[in-house]
Amino acid sequence: MPDSFHPSEVTIEVLRYDPADAGGPRTQSWSVPYTPDMSVLQALQYVKDHLDGSLTFRWSCRMAICGSCGVMVNGVPHLGCRTFVRDFLPGPVRVEALAHFPIERDLVVDAEDFIEKLREIHPWIQPKVARLIEEGPYRQTPEELARYESFSHCINCMLCYAACPQYGLDPKFLGPGLTALAHRYNSDSRDGAKDERMELLHSEEGVWSCTAVGYCSEVCPKQVDPANAVNQNKTASALDWFARFLPGRS
Amino acid sequence: MPELIETDIAIVGGGGAGLRAAIAAAELDPKLRIAIISKVYPMRSHTVAAEGGSAAVTLAEDSLENHFHDTVAGGDWLCDQDAVQYFVEHCYEEMVRLEHWGCPWSRLPDGRVNVRAFGGMKMERTWFAADMTGFHMLHTLFQTSMKYAAIRRFDEHFVCDLLVDEGRVKGVLAIEVASGEFRVIKARAVVIATGGAGRVFRQNTNGGIVTGDGMALAYRRGVPLRDMEFMQYHPTCMPGSGLLFTEACRGEGGVLVNKDGYRYLQDYGLGPPDPWPRKKAMELGPRDRLSQAFWHEQRKGRTIPMPGGDAVHLDLRHLGRAKLHERLPQICELAEQFLGIDPAQAPIPVRPAAHYTMGGIPTDVRTATSLPGLYAAGECASSGIHGANRLGSNSLAELCVFGRVAGEEAARFASSVQGGNGVALRWQAQDTAREALRALERPAGGERLAAVRDEMAKAMERGCGIYRTAAEMEETCRTLSELKARANAVSLTDRARGWNTEWLAALELGFQLDVAEAMAHSALARRESRGAHQRLDEGCGERDDANFLKHTLAWRVHAGSPRIGWAPVVITTSQPGTRAYGAAGEAAQNERKADAAHA
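Protein sequence lines, in the order shown, are assigned to chains A and B.
If you use the working numbering, the first sequence corresponds to residues 964 to 1213, in order.
If you use the working numbering, the second sequence corresponds to residues 223 to 821, in order.
Take the hints with a grain of salt, since some may be wrong.
Stated by the list, open to error - Stretch-level coverage of chain B by chain A, calculated; a stretch enters the list once three of its residues show a Cβ under 8 Å from a Cβ in chain A:
#, segment
1, 232–241
2, 268–280
3, 427–436
Said to hold, decoys possible - Subject to a maximum C-alpha distance of 25 Å in a straight line, what follows is the list of computed BS3-like cross-link-like pairs (lysine-lysine):
#, chain 1, residue 1, chain 2, residue 2
4, B, 501, B, 344
5, B, 815, B, 344
6, A, 1091, B, 369
7, B, 253, A, 1157
8, A, 1135, B, 545
9, A, 1197, A, 1091
10, B, 545, B, 501
11, B, 253, B, 369
12, A, 1197, A, 1157
These are computed hints drawn from the structure, not numbers from a lab.
Backbone N, C-alpha and C fix where the C-beta goes; we use that ideal spot for every residue, glycine too.
Construct the complete structure from the given sequences, taking the supplied hints into account.
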């Protein structure tokens, strides 16, 4: 589209689903006033405020940090708040619930599987050397910080799960985001629970389920690069497996 | 009859303060059953959006006295000094605790935690994790909370009432969002940690969830709201959306210029304009003064017109791309994605937007409210540390310091009393539930919810903005009163029970209107100018310690306007003085020192 193309209105098309409606999912379209700075989230808000108050979606911060508003936009996982209608002109812009998750209503998916798995990776520091408050902070050099820092940027938006073909086939798979987060704690110089977490990562539902498509890293809005975390852990997992046959290690 | 769930402590809100409270209670007494009830998954809470950092005296050359004085003077002497003292004494240990829990604090080359300069602070004492500090603190607290078996979460549960019996709080009534079903969560102590109310203003930095719920819950149960007229306008926000560009931009050396490229803050008592970031001067002045300076520049026609409102420029170019991406990565991302601007190449247009609710539920230094069993912490509370103007980086520290106190105090209280009568609470809950459901039963064809909500936000901006007049505040009070009637008649298009976000928004709008009324009426009653409350009308333009060195209290009056009263400010060591910044501030401080030496 040329830059000068400014329609006055644009069509927003939403795949709607109401569990109480025996008719199943249906597509509904609305025409909303277009402005060049309009995000997909703002388009949905316009519909809810002015056209149909029953349209249901999650949102909060509007600035790509709370992770609430993940949706499929024209088939690709995006945060609604930082995806702009101008990039989909002349429209229609098709919005659907995140792929691979059960839909609760309209654009709201059931996130319980993600939350439960989050707890399973034990996402807290289990200190190598316990430290009292009076002893002050651990030392951690910028280089040590850099080893895990980018993996700590995960906002739990679950876009990578919607992108992951393996998670789509087998919801038991731990999945990209949480592998990255496990890797974040494993790589933290303060933590001593890597072995315990690696057992989960080794397992059938761990890193070996990944088929190295790499789409997870492409859709990540925070450049967490879960594919990299998964691959580093495949290497680590393989090394650990071989290490079992070395002397001095049971 | 709603389902009954037995707990010992119910924590309403799963942001920084709520999570910290839950962890503190679990650590104090692992036998307690602790519930965190949050209308969103905890990691979506608005703590996530805090950017710049969290205060704690850290450097050897800094002192608790410095942090105390910066905070009390920054609050224009409306702070409760006992609370400030407790606060500054406990910030550091809380930051260390977060460090032990894995918070990825930014570091110095030798591995020690780095600190940065912030507005109104005499020294570098702001701990930061790049410019995603709130995000990292929230995720650290949330993930750490998962290791405590005693903590049971009720995610996506919307609290619509406190249950009060025999003069004390005995639980909450919540709606499970997914099903729309009511649940009575019985508790022997309740902690409110629901954050602020910034969404009652039009241009604001806040997430959609920041609707003052907890403040209204307490207010409706007879607890007054304190100092509600003090709403912080953050000076550097995106025109239109109000999204925040952290004060750390200026802490790192960013400057503010008007349409002529002139560092206009020097015209408002904040100079001299050094080329480096001088503490407590120019761009590192306090937020109220900077937002007020913008207002004057706009009146003088020296701002830049933008589609989202007039702006000035936040210029970060001289910091260079490498430093910008290391220290301010999120700012770069926001500027690039939302405005198409590379901050290394071009200045960012910014303007003030409503940001932080300084007032709230009054608490003592132990976070107790006037209702036995009820505690409050975080932005929803008026802990007394912010006074008339909060300093940046004090609120993240507050979440931890007073979140911990609230958790421990609630745990002690819960262990000291018997539980409530479940049957009585369920009857009480049934009345509230019936009332809440009424919105779903109203006939179609009435006004839309958004119309009332948007008018409220405009009225608040008009009457309770950066500068205020009696006439405009009175008009806002009248408008709010009309809007309350209209809010009770809006028609919802969604009639479902499960995931009915329109229904929940209607309940939130009720909360917001209550809080907005408390703000507007408190503002009207305070006939002086102090901190973030500035008046242009005759006789109200100056601080008036003789008549207004006191807290405002607003009590809810059924079917009427709030009743306004007053409460004393706790002053321990710092008598009200001249609040000055820049060169004038340094002169005033030297004078104080000289006086102290002679005394």
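Hint check:
1. 232–241: violated (count 0)
2. 268–280: Since 3 is at least three, the answer is holds.
3. 427–436: holds (count 3)
4. B:501 <-> B:344: Holds: residue 501 of chain B and residue 344 of chain B sit about 6 Å apart, inside 25 Å.
5. B:815 <-> B:344: With a Cα-Cα distance of about 15 Å, the restraint between residue 815 of chain B and residue 344 of chain B holds, given a limit of 25 Å.
6. A:1091 <-> B:369: holds, 17 Å
7. B:253 <-> A:1157: With Cα atoms ~29 Å apart, residue 253 of chain B and residue 1157 of chain A exceed 25 Å; violated.
8. A:1135 <-> B:545: This hinted pair is violated, its Cα atoms lying about 42 Å apart.
9. A:1197 <-> A:1091: The hint holds at about 23 Å.
10. B:545 <-> B:501: Holds - the C-alpha atoms of residue 501 of chain B and residue 545 of chain B are around 20 Å apart, at most 25 Å.
11. B:253 <-> B:369: holds, 14 Å
12. A:1197 <-> A:1157: Between residue 1197 of chain A and residue 1157 of chain A the Cα gap is close to 14 Å, so the pair holds against 25 Å.
Checked against the numbered hints above, the structure violates hints 1, 7, 8; every other hint is satisfied.
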